[in-house]
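As you go down the protein sequences, you meet chains A and B in turn.
Quick note: this note's numbering has the first sequence finishing at residue 283, numbered continuously throughout.
Quick note: this note's numbering has the second sequence finishing at residue 301, numbered continuously throughout.
Calculated directly from the structure, the hints in this document are not laboratory data.
One thing to keep in mind: the hints can contain errors.
[Claimed, not checked] Listed next, the stretches of chain A that the computed footprint assigns to chain B, with coverage defined by at least 3 CB atoms under 8 Å from CB atoms of chain B: (1) 14–22; (2) 54–62; (3) 73–87; (4) 191–205; (5) 222–229; (6) 265–272.
Treat the numbers as computed from the prediction; the structure is a model and nothing was measured.
Heads up, the beta-carbon is just placed ideally off N, CA and C, and yes, glycines get one too.
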Amino acid sequence: MIENRPIVTFISHSVIILGIIIIAFPVWITFVAASHDALRMTQSPLPLWPGGHFFENLSEALFVGLDVGGASQPVALMLLNSFVMAMVIALGKIAISLLSAFAIVYFRFPFRMGFFWMIFITLMLPVEVRILPTFKVVADLGLLNSYAGLTLPLIASATATFMFRQVFLTIPDELLEAARIDGAGPMRFFFDILLPMSRTNIAALFVILFIFGWNQYLWPLLITTDQSLTTVVMGIKQMLEAGEQLLQWNKIMMTTLIAMVPPIIVVVSMQKMFVKGLTETDK
Amino acid sequence: MLFSPGEFMLKRVHFGPSWLPFALVAPQIFITLVFFMWPAGQAIFQSFLIEDAFGLSTEFVWLDNFKDLWNDQHYIDTFSRTAFFSLMVAFFSLSIALILAGMADRVVKFATAYRTMLIWPYAVAPVLAGALWVFMFDPTLGIVAYTLDMFGYDWNHKLNGGEAMALVIMAATWKQISYNFLFFLAAMQSIPKSLIEASAIDGAGPARRFWTIIFPLITPTTFFLLVVNIVYAFFETFGIIHAVTEGGPAGSTTILVYKVYNDGFIGLDLGGSASQSVILMAIVIFITIIQFRYIEKKVDY
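Chain A on its own, in the form it takes in the complex (with noise of 0.2 Å):
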């Protein structure tokens, strides 16, 4: 603090105060509408205090579903999709680039940058807006409804090669050397000195690229037509879209609550690696 103005510190944590109520509201809007049974939710107006029908609902939900015309998925198995896919997302990006950006950085071979290029241009092609012809691609590979289609195209990353090409570029040149007089190969070098020297970022792309695939939606949404593949995320719409006529917004609003608690527990248990992954890489 630089000066003692009491009142401009006071207005200070007013304000932030007051921003956190206003952006946590719907969120408590949500637990609220989690935590009473289905008749109180059809009665306007609806409540702004908990309700005791939490653990009656969560469990409802985990392990029954909700009837979104036709079968009723459990939403434990919606997590346990969102959970593989997110999980096979980031370490699939996170191998892959490690791997890439080793052999640009550490390699001299014919066509290294016309490679780096062609990782570089998957940054400019997000999947919305080339959805309709890789949607196509997958139908034709036959990867439609799996694992592989639902996870695979999101995999290429050039954000995560970018990251661990400019790790790998401050690691000082006489570990290799050294490395080298020792006798270690490549992937010697690889495993035993470069993975552990980069694994704070590592790390920190791994909470960014969780949540990248565990909220991803458009996707998945397209290519599982197999209820069986429904991850939590689109469950939810499935939801939106029947609740109306069945009136169980305190289904549909716990579902939304357990869709959204895995992600926040990654990143504000992670957060002071996440937010250092964030603010430097990104830039």
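With chain A's structure known, arrange chain B on it following the hints.
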């Protein structure tokens, strides 16, 4: 030029040519070729074709699809609507984040706790953000719609296009504030305290210090965030719009990305959708180039 082009960004000490680097880049290149280059090429190729809805016949029409788009008032409207939507989202989320970060930078107590309580919306999926907001504003039950009704305002975003647009802007802004907040706060905290102290000694109050020192010094961050926010509003808000309005009522919240999806998967106009994809790709490439130009400048600076 420090390096010859072939050695650009290569380590001074490096491994010689062998099959290994090819094997290392292979997975990335394979996925890029199959799921990026090939579909992008297809989109460009498709954009020159007209195909009937059943895929029975195709005709090569050169730039007719683009001409059709150019002459299509709906498409032009979608363009200006997207611009309006993006600017609104960028403006509100940047302003709110700037205010919050400015305050958080001032207070020493609880700074980390405040940050924790402000960053979590980043983790919420766009479609879930949409679900939260559509629930609050539900015309028959929503708590905010009910409150508005008490004040005599009849909210119905299912019928009123302007209200629908306002709702998607609110949901999209809500989700983006935390991201902007983190960057603004990081930028403000990296300003040397001595600068602020010097101007305080010279008698500048908090507001004056903010506008004459802090704000100019974080301009690079602001510019970076502006680009990121526009890209976000252009491409990542699909889930919000799909959950809240499905582009309606009467197309009043259909933005470019939503139209690509809608024309391609609902309308089955493959050529039209593909040419819209091509235009979107051009926009992304344009934005990326601006961003990189600017980053290069910043490095020089």
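Next item on the list: State the violated hints by number, sorted upward, taking the hints as numbered earlier in the document.
Entry: Structure breaks hints 2, 3, 4, 5.
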